[in-house]
Amino acid sequence: MALDRLFKRWIGNRNRLDPEQFRKARPIRNPVVEWTTAEDGSLLMQVPIESKRKWLQKIATKAKWPTTRQFELEPMGAFVWQLCDGQHSNETIARKLKERYKMNRLEAEASLSAFLQTLSQRGLISLLIGTKK
Amino acid sequence: MAFAWYGIELDLDDEWAPVSIEGNQKQGYARLGSTRAHQVQLRWETVTKPPSLPDSVNQYLNRIAKDSRKVSFSKEINIASESEASYRYSGRASGRGSIRYIPDRNLVVLVECVTPGKDSLSSAHQKISSSLKVDCGDLYHWQVLGLNVYLPKDLEVGKRQLFAGRTTIHFTAGKHTIVTAERWGLASELLAKHDFLEWARAALELPRATITDEDVGIRLVQKGNLFTRTQTAVVGLYPKENRIQSVKVQSNRSEWNPEWRWIGFSKDGSEIETA
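Protein chains in written order, with the working numbering: chain A, 1 to 133; chain B, 1 to 275.
Hints are supplied without guarantee of correctness; some may be wrong.
[Said to hold, decoys possible] If you only want the chain A side, here are some residues facing chain B, beta carbon under 10 Å, derived: (1) 19; (2) 40; (3) 76; (4) 91; (5) 101; (6) 106; (7) 108; (8) 110; (9) 111; (10) 114; (11) 116.
[Unchecked claim] Dumping the calculated BS3-like pairs for lysine-lysine here, alpha-carbon to alpha-carbon at most 25 Å: (12) A:98 / B:240; (13) A:102 / B:240; (14) B:223 / B:175; (15) B:240 / B:193; (16) B:193 / A:96; (17) B:175 / A:98; (18) B:240 / A:96; (19) A:102 / B:193; (20) A:62 / A:52.
[Said to hold, decoys possible] A few chain A residues that face chain B, going by a derived Cβ cut-off under 10 Å, partial list only: (21) 20; (22) 23; (23) 74; (24) 75; (25) 85; (26) 98; (27) 102; (28) 103; (29) 104; (30) 105; (31) 107.
In short, the hints are calculated from the structure, not lab data.
Please read all numbers here as calculations on a predicted model, not as lab measurements.
Glycine residues also receive a C-beta, built at the ideal position from the N, C-alpha and C atoms.
Assemble the whole structure, with the sequences as input and the hints as a guide.
Below you can see the structure in the form of structure tokens.
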């Protein structure tokens, strides 16, 4: 049991944020992402594909594989994306989302959390977390 | 945000959200959590005769004291009237609550604010418990996560789906009737992509329904046959709150016909004022 607890403390809980930390965290966009906004408010993002393996990069260039990945965000996602500037905390973004789309608090927080997780998994954003004193 | 369940209603700030809801019309429990780790507990129980409130409170506090073993426990009970008492306790957690007997429904309702620390709860409890309202008419108010409907009192809650952007509660009235109340958020975004009538037909799963526009909203009727029930639904759009709300009834009994006041509209089409 003790070993199990130690394992969880050292490995299992690594990188896990508590709800308070998550609320205070500030999402920031990956600087390599380029985006354009459409008239309807949706957003098209382009992320360069880079391989760490040089031989794979050479093959990709010769075979003319696409050099960028594209993602499209709906207007609501685009609204959140614009706020991912490292200045706004998740709490603030959720509040703005709630006000703009007239959602309830729980709804805004749950949708935002799921959306940010997706963006983070695709390497489009990172979360800035204040260090504990 | 107000919270209403089986016609028992509390007016709460937006920071509160339901954590757990259990039970039925006779007896039940709802717990609401806030961003500050405080909790509100709402308990209700139907009784056959007027209860002795001091005994009920004592019984309840003794149970909490039992759970707070090895920690000093203190309690204080104030009897305001025959039908109302308030109490406070401090042990493993601190709580402040009030218990009320509602004679018209033979119901005892307990509202309690709890904090794991020693924060003062008096103002929060005062505000929340004074907002308690209990419906005693033919319709009970239901309000949770943006869903806000008034339904006949004989219904029991069945399946619940509380998703972000969509809240669904299924009710049953005996074996013959199923009532489904639903609320969709982001109405303007939904209707920017779809026609309202076609969207309603698809969302309510009534592909063969005839639709009538009744100014207040739309009514869908899909006739049943030997094997299926007749399904009738009323759907309303609430631009101010950016939501769509519907009540669908599956029943072959003519008395189960959804009314506009069930989804919060009065006969002239105006919204019924709620907390």
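Status of the hints after comparison with the structure:
1. 19: holds, 9 Å
2. 40: Holds: closest Cβ of chain B sits about 9 Å from residue 40 (chain A), inside 10 Å.
3. 76: holds, 7 Å
4. 91: Nearest chain B Cβ about 9 Å off; hint holds.
5. 101: holds, 6 Å
6. 106: Because about 4 Å separates residue 106 (chain A) from the closest Cβ in chain B, which is inside the 10 Å limit, the hint holds.
7. 108: At about 8 Å, which falls below the 10 Å cut-off, the nearest Cβ of chain B leaves the hint on residue 108 (chain A) intact, so it holds.
8. 110: Holds. Min distance 4 Å.
9. 111: With Cβ-Cβ at 5 Å, under 10 Å, it holds.
10. 114: holds, 8 Å
11. 116: Nearest chain B Cβ about 13 Å off; hint violated.
12. A:98 / B:240: Measuring from Cα to Cα gives roughly 13 Å; hence the hint holds.
13. A:102 / B:240: holds, 8 Å
14. B:223 / B:175: holds, 19 Å
15. B:240 / B:193: Measuring from Cα to Cα gives roughly 19 Å; hence the hint holds.
16. B:193 / A:96: holds, 23 Å
17. B:175 / A:98: Outside the cut-off at roughly 40 Å; violated.
18. B:240 / A:96: holds, 17 Å
19. A:102 / B:193: Measuring from Cα to Cα gives roughly 18 Å; hence the hint holds.
20. A:62 / A:52: Given pair residue 62 (chain A), residue 52 (chain A) holds - Cα atoms ~16 Å apart, limit 25 Å.
21. 20: Hint holds; residue 20 (chain A) Cβ to chain B Cβ min 9 Å, cut 10 Å.
22. 23: holds, 8 Å
23. 74: holds, 8 Å
24. 75: holds, 7 Å
25. 85: Not OK, violated: residue 85 (chain A) not within 10 Å of chain B, min 23 Å.
26. 98: holds, 8 Å
27. 102: Holds, about 4 Å.
28. 103: Holds, because the Cβ-Cβ distance from residue 103 (chain A) to chain B comes to roughly 5 Å (cut-off 10 Å).
29. 104: Holds: closest Cβ of chain B sits about 5 Å from residue 104 (chain A), inside 10 Å.
30. 105: It holds, given that the least Cβ distance between residue 105 (chain A) and chain B is near 5 Å, below 10 Å.
31. 107: holds, 5 Å
Violated hints, listed in ascending order, are 11, 17, 25; each of the other numbered hints is respected by the structure.
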